[in-house]
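Asks: Protein sequence lines correspond, in order, to chains A and B. Residue numbers in the first sequence follow UniProt numbering, run continuously in steps of one, and reach 121 at the last position. Residue numbers in the second sequence follow UniProt numbering, run continuously in steps of one, and reach 507 at the last position.
Think of the hints as simulated: they come from the structure by calculation, not from any bench. Hints are not guaranteed to be accurate.
[Said to hold, decoys possible] Listed below are several chain A residues computed to face chain B (Cβ distance under 7 angstroms; list not exhaustive): (1) 3; (2) 6; (3) 11; (4) 25; (5) 28; (6) 37; (7) 39; (8) 50; (9) 51; (10) 60; (11) 61; (12) 64; (13) 65; (14) 69.
The beta carbon of each residue, even a glycine, is placed where N, CA and C say it ideally should be.
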Amino acid sequence: MALTVYVDGERHRALPGQTVAALLLATGRRSWRTTRLGGRPRGIFCGIGVCYDCLVVVNGLPDVRACRRELCDGDRVETQRGARLPTEELPPEPRVPRTDGDGTDQGARPGEPVRDADGVA
Amino acid sequence: MSAPSHIAAPLTAPPLVVVVGAGPAGARAALSAARCGARVALVDSGERIGGQYHRQPAVAGKAVAGGPDASAAHPLELAVATQPRIAHLPRTTVWALEPLPEPGPAPGRHLVHVQQGPADDRGRPVRTLAADALVLCTGAFDRALPFPGWELPGVVTAGAAQALARGQRTAVGGRVVVSGTGPFLLPVALALPEVGARVLGVYEAGNPARWLRSPAAALRDGGPGRVAELGSYAAGLARHRVPYRTRHAVVAAHGRDRVEAVTVARLDAGWHPVAGSEQRIGPVDAVCVGYGFTPQLELPLAAGCAVRGGHVAVDARQATTVPGVYAAGELTGVAGAPAAAAEGELAGLAAVADLADLADLADLAERPWAAEAAAHLAPPSPARLAAAASRVRSGRRFARALARAHPVPGGWRGWLREDTLVCRCEEVSYGELRDAVAARGADGMRALKLTCRAGLGACQGRVCGRNTAELAAALLGAPVADPHAMDRRPLAHPVRLGDLAEPPPID
Ligand SMILES: Cc1cc2nc3c(=O)[nH]c(=O)nc-3n(C[C@H](O)[C@H](O)[C@H](O)COP(=O)(O)OP(=O)(O)OC[C@H]3O[C@@H](n4cnc5c(N)ncnc54)[C@H](O)[C@@H]3O)c2cc1C
Ligand code: FES
């Protein structure tokens, strides 16, 4: 019943119906993208798909709203730099390395054991 | 996921009512229209029936309070599932609307362009529904006022905290402060402890009027259910020892890469911080803010519906100013879930009644199918319509009382500093906005977009639109000419370009 997903390359367990944002919060992250102009960290804000703050890369595709997207088995979630405009389609970004020191990465450390992410971190 | 085949139907099939939004308003609209014989497509970008209020837990586990029983399927969901004339299209987003000229059994036919599949995925199938009548129930989202530090991760809307707690059983943080105005702050503050968060305080910027404190007035405006609900929130706050203070608000958030502390100030009646009243509260790792709700106006505006006082204008039976288009729920005014459901019920009935009337009037030589299609309908009796309309009237009284009890006076503008962001997407500061108005002559929403990029980003002005309109009006000394310009969005939701390569099939 549990799903296996990857956050910046690290394996996590998730539950069916769990959103990307809920998983990221449960891993202790508060932000997972940086802004295009100021390079500032952003995470969840409106929680219902309206604000586009929570954008994240899922399976290589950027600009996925983490608060709306439900996880599927095998999904690969990566932090995102910048954001595109509404209808702009760009090729998938190169993988953002985990240790780019831009302040977006405050979650699990490499080698941390896989844990349930079904509740409060 | 493909829709049930009866969506694609011959002209002589029962007329198709497309309901957008499956919250309390949309679900009830779908049920009442279907029970009167119409075919209904109930479209929602979410997975399950319920919208924001009857939010269904997507993740299994213990129920979280602050609303109806969250553990079982909601009765509305069961009723929709067992009504054969309703096709529920989950994970389906309406991204554009377009009026369809004749022929059809009714004026007000619309093409409803939808995309179905996992949120924001590439290649979500695009299709189009041909609606004989349209019921818009797209709800609202939290209004957040800007303040220094509101862009820090960990600062979220009250609705976000509620959606995470109720739908995902996840706490937005461990030590949380709630601030804003309106009764909605209370269920949020109660849901948080149930997912393990500690609520350090609830700061209500307003001074909730008499009717919230006086059971008699609340009973008249909201009915016994609402009074019991408010009472249970108060008891819950006491049980969790959550401090609740009125005339106070979070006026700044502090932290480097995430929120670490907040400043709370006492406010005067106009919401100006009282000098010397500021206190720093920390450590915190989340702040939930909500200053009422903003309706999702893009679809009503795309259909050409008139907007009054920030809400879709409807008559006594939920008809908008566009024939064949109805609106219900938070779109028409904010009064909570029971009022939204009552409006939905009426909108569904009125849509069928009007379709049946139109078929009677139709020029049968030109549209021979109209009578045959309408023969499937069992329009509601005038008494039934009148009963539904009277339930709606009490909800509207409650909405007016709520709006009176929770105004948002302009003192919040004084919370801003030069470098406080007003547009989060394009990172436009208050200083830049002021220069655009004062030095570069921007006198409206469109002009602001072009001169300082406010409202030009990914959210298309949903988050900043109302705030920038008020800020610009204060700087100009007069209301902006085009306050809803940002709500006019050619695409209600972004669509990945590759997905539109082929013209969509019409059902
Ligand atoms: C995040 C949030 C949480 C809330 N929680 C509570 C609560 O716990 N208690 C309470 O009393 N009130 C709550 N409210 C207030 C709530 O809005 C109302 O009480 C009630 O849900 C309004 O019902 P509605 O049917 O008008 O709209 P909603 O319930 O908001 O339903 C609107 C539906 O329309 C769908 N939709 C919108 N646009 C589109 C589109 N373009 N295509 C497809 N579907 C679309 C949405 O997915 C949504 O399901 C909440 C509001 C918000 C924003
Ligand atoms: S948090 Fe606003 S879109 Fe996801």
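Asks: Each hint: holds or not?
Replies: Okay, the hints, checked on the actual structure:
Because the smallest distance between the Cβ of residue 3 of chain A and any Cβ of chain B comes to about 11 angstroms, over 7 angstroms, the interface hint for this residue is violated. Because the smallest distance between the Cβ of residue 6 of chain A and any Cβ of chain B comes to about 17 angstroms, over 7 angstroms, the interface hint for this residue is violated. For residue 11 of chain A, the interface hint is violated, the least distance from its beta-carbon to any beta-carbon of chain B being 19 angstroms, above 7 angstroms. A cut of 7 angstroms between beta carbons decides the hint on residue 25 of chain A: the least distance to chain B is about 5 angstroms, and the hint holds.
Because the smallest distance between the Cβ of residue 28 of chain A and any Cβ of chain B comes to about 10 angstroms, over 7 angstroms, the interface hint for this residue is violated. With a least beta-carbon distance of about 5 angstroms to chain B, the hint placing residue 37 of chain A at the interface is held under the 7 angstroms criterion. A cut of 7 angstroms between beta carbons decides the hint on residue 39 of chain A: the least distance to chain B is about 10 angstroms, and the hint is violated. This hint holds: residue 50 of chain A has a C-beta 5 angstroms from the nearest C-beta of chain B, less than the 7 angstroms allowed.
Here the hint on residue 51 of chain A is kept, as its CB sits about 5 angstroms from the closest CB of chain B, short of 7 angstroms. At about 9 angstroms, the closest approach between the beta carbon of residue 60 of chain A and any beta carbon in chain B exceeds 7 angstroms, and the interface hint on this residue is violated. A hinted interface residue such as residue 61 of chain A counts as satisfied when its beta carbon comes closer than 7 angstroms to some beta carbon of chain B; here the least separation is about 6 angstroms, so the hint holds. Interface restraint check: residue 64 of chain A against chain B, minimum CB-CB distance 4 angstroms, threshold 7 angstroms, status holds.
Satisfaction of the interface hint for residue 65 of chain A is found here, the shortest Cβ-Cβ separation to chain B being roughly 6 angstroms, below the 7 angstroms cut-off. The beta carbon of residue 69 of chain A comes within 4 angstroms of a beta carbon in chain B, closer than 7 angstroms, and the hint placing it at the interface holds.
Violated hints for the displayed structure, listed by number in ascending order: 1, 2, 3, 5, 7, 10.
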